[in-house]
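Enquirer: Listed below, chain by chain, are the residues.
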Amino acid sequence: MAILAVLLGFIVGAILIQASGLNALEAYSAMFLGAFSTSYKTAETLIRASPFMLAALGFAIGFKAGYWNIGVEGQLVIGTVVALWGGITFTYLPSILLIPLIYLLGFLGAGVWSLISGFLKAKFGVNEILTTLMMNYVAFWVGHYLVHFPWDDPEVYVPQTIPIAASAKLPILVSGTRLHAGVIVGLVSAFIIYMFLKKTCLGYSIRAVGFSMEGARYGGVSVFKTLMITSFLSGGIAGLGGVGEVLGAYHVILENLTYGYGFTGIAAAMLALSNPLGIILSSIFFGFLVTGSLYMTRGAGLTIGAIQFFVGIMILATLVSPLIGKITERKELKPLISNESR
Amino acid sequence: MRSPLVELLSQEFVLPVLVTAVMLATPLLLAALGETLSEKSGVFNIGIEGYMLMGAFAAYAGALVTRNLWSGCLFGVVSGLALALLHSILCVTLGSDQIVSGIGINVFSWGITSFIFRMLQATMGKAPMGLGTFKPVSIPILSDIPWLGPAFFEQSILTYASYILIFIFGAILYRTQFGLKVRAAGEDPLVTESRGVNPIKIRYVSVLICGAIAGLAGSFYTLVWLSAFNEGMTAGRGFIVLGTVIVSGWNPYFTFGVCLIFAFVEALGLKLQIFYPQIPYPFMLMLPYVITIIVLALRRRVVPPKNLGVPYKRGG
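First to last, the protein sequences are chains A and B.
Following the numbering used here, the numbering of the first sequence begins with 1 at its first residue and continues without gaps.
Following the numbering used here, the numbering of the second sequence begins with 1001 at its first residue and continues without gaps.
Watch out, some of these pointers could steer you wrong.
Stated by the list, open to error - Stretches of chain A that chain B covers, calculated by requiring three or more beta carbons in the stretch to come under 8 Å of a beta carbon on chain B:
1. 128 to 134
2. 143 to 157
3. 264 to 277
Hints were generated in silico from the structure; no laboratory data involved.
Ideal Cβ positions, reconstructed from N, Cα and C, are used throughout, including at glycine.
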């Protein structure tokens, strides 16, 4: 089904590329070569994939509880903000303590940020879709403020913060590439979340609340507590994606560093039907789209829009693809139903 | 030397804020009316942000190509309509998740508008300026009312259209057969169908009207507010619209007041930026979103249409 969605996305994409006067086949092959042809490029694809993975995992946990955390976009921003703060504040700590501390702080920071919407939902039943969307914009302006005002690097002309301490930088895994240890965080999180949802009591409550809030309440699950924990975890995990971008990929915050990452993550979660292990693959797929599209479009300026446009098509394609399956199913069932109705 | 408080309450401060507020309220109001109708029929349109953004871009591009502001508006309307058609095919006919479809439409619209916009920029060296804007028209007598006159009756034609549409939407929803069917489709589509009305058809019409009017709302940004397009220029105002619809309790008449309040907050933020440059502007710009969250948290006792967001399959 996911493959169907991907195919559908590519076909629609091809039509639109062709319509805009470019050769779709050429564009796609350039894209594939751009993303995988060398180990450096493959590493870039994985680096791109890792924040998407964490955003997707964060969204997926919420989704399992029926909690629409569309605020992953903003939670990533908070992750970057906290990571930078940690990286310029606790500079006296050795790497072995500093990096885990920053990850922990990033998790807590983004988790608490997300908890605002979670609390409003759990306590008062305020629609979390709207509050998480609003929080995205608040986070955006908080990030914008920090990049332009207190943390602005006066020596650089573009809006960019001062860099984190060298001891806060994540180690490189494969020499000759930029592949940093943050990628492992995404992969490990995916496995942990998979086990957590499947094998733990809390994971069970989350799924129960997602299945039916009334049913869960009747079965003795505290819906309030579960929603609070879910929103916290959901935001915290998305925040880790932001931490990885600062500690691993950039070491500073650039303006709009994680712009669009959250929604790409949501698309990845949708494509994987919120299965944590599937998310690994779907995020790598989106990482491929992003790195690949750098080579697909001629001017680098074209890329952000092109990627978002693709991501959007992909989200819509995930909606259509299960229906194609359904149409073929219905054909088989038809005689049975018509016999019954007679 | 006047004290800062007196300064704040003086006419030269408040009046421009009011004028800007009414202006900024117009697209919110237009979109909110459409969203109210659509939600009343049972379809959630989180993609309204996308309709507005697409409308803004299409109106800008359309006006440039045809050299006419009115046909620019038409482009905006049609683009909103097209996205709404996509949403209704996915969600009303095929019964997909309305929220996922909405997110998809938003991301898609954001992507395609900035993609084409950047392509324009790349080929022309810079983004072309828009064709110009609809100029404010003052209504005789009414615009002479102190304070309120210049704020409400020296606006562009689109704002006046939005005043009229409040009553049209109110009348449609509460005084016509069609309005009754819309409300029925949102409350209980099964019963609606058992009375011989096709809820699918009703939902289609409602969503399409919502798309058209949201597209018009988007055109406001490029044909009245600014004579240019910026990437992602609607900046979440479509989501604020979703908030105003809830806060006004799905009532088109209340919507006007609610939109005015939100627009006032935004206008105030813009104005305070000039008066208090020592407060960093990002804090002013996040104000509307913070206020939306607070207002949503305070106003909780509203009852949404019973089948809002629930896809309906014919025959139950």
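Enquirer: Confirm or reject each hint.
Expert: Checked hints:
Restraint check on the segment 128 to 134 of chain A versus chain B: 5 residues with Cβ-Cβ distances below 8 Å, three needed, restraint holds. For the segment 143 to 157 of chain A, the proposed coverage by chain B is satisfied: 4 residues have a C-beta within less than 8 Å of a C-beta in that chain, meeting the threshold of three. With 3 residues having a Cβ less than 8 Å from any Cβ of chain B, the segment 264 to 277 of chain A passes the three-residue criterion, so the hint holds.
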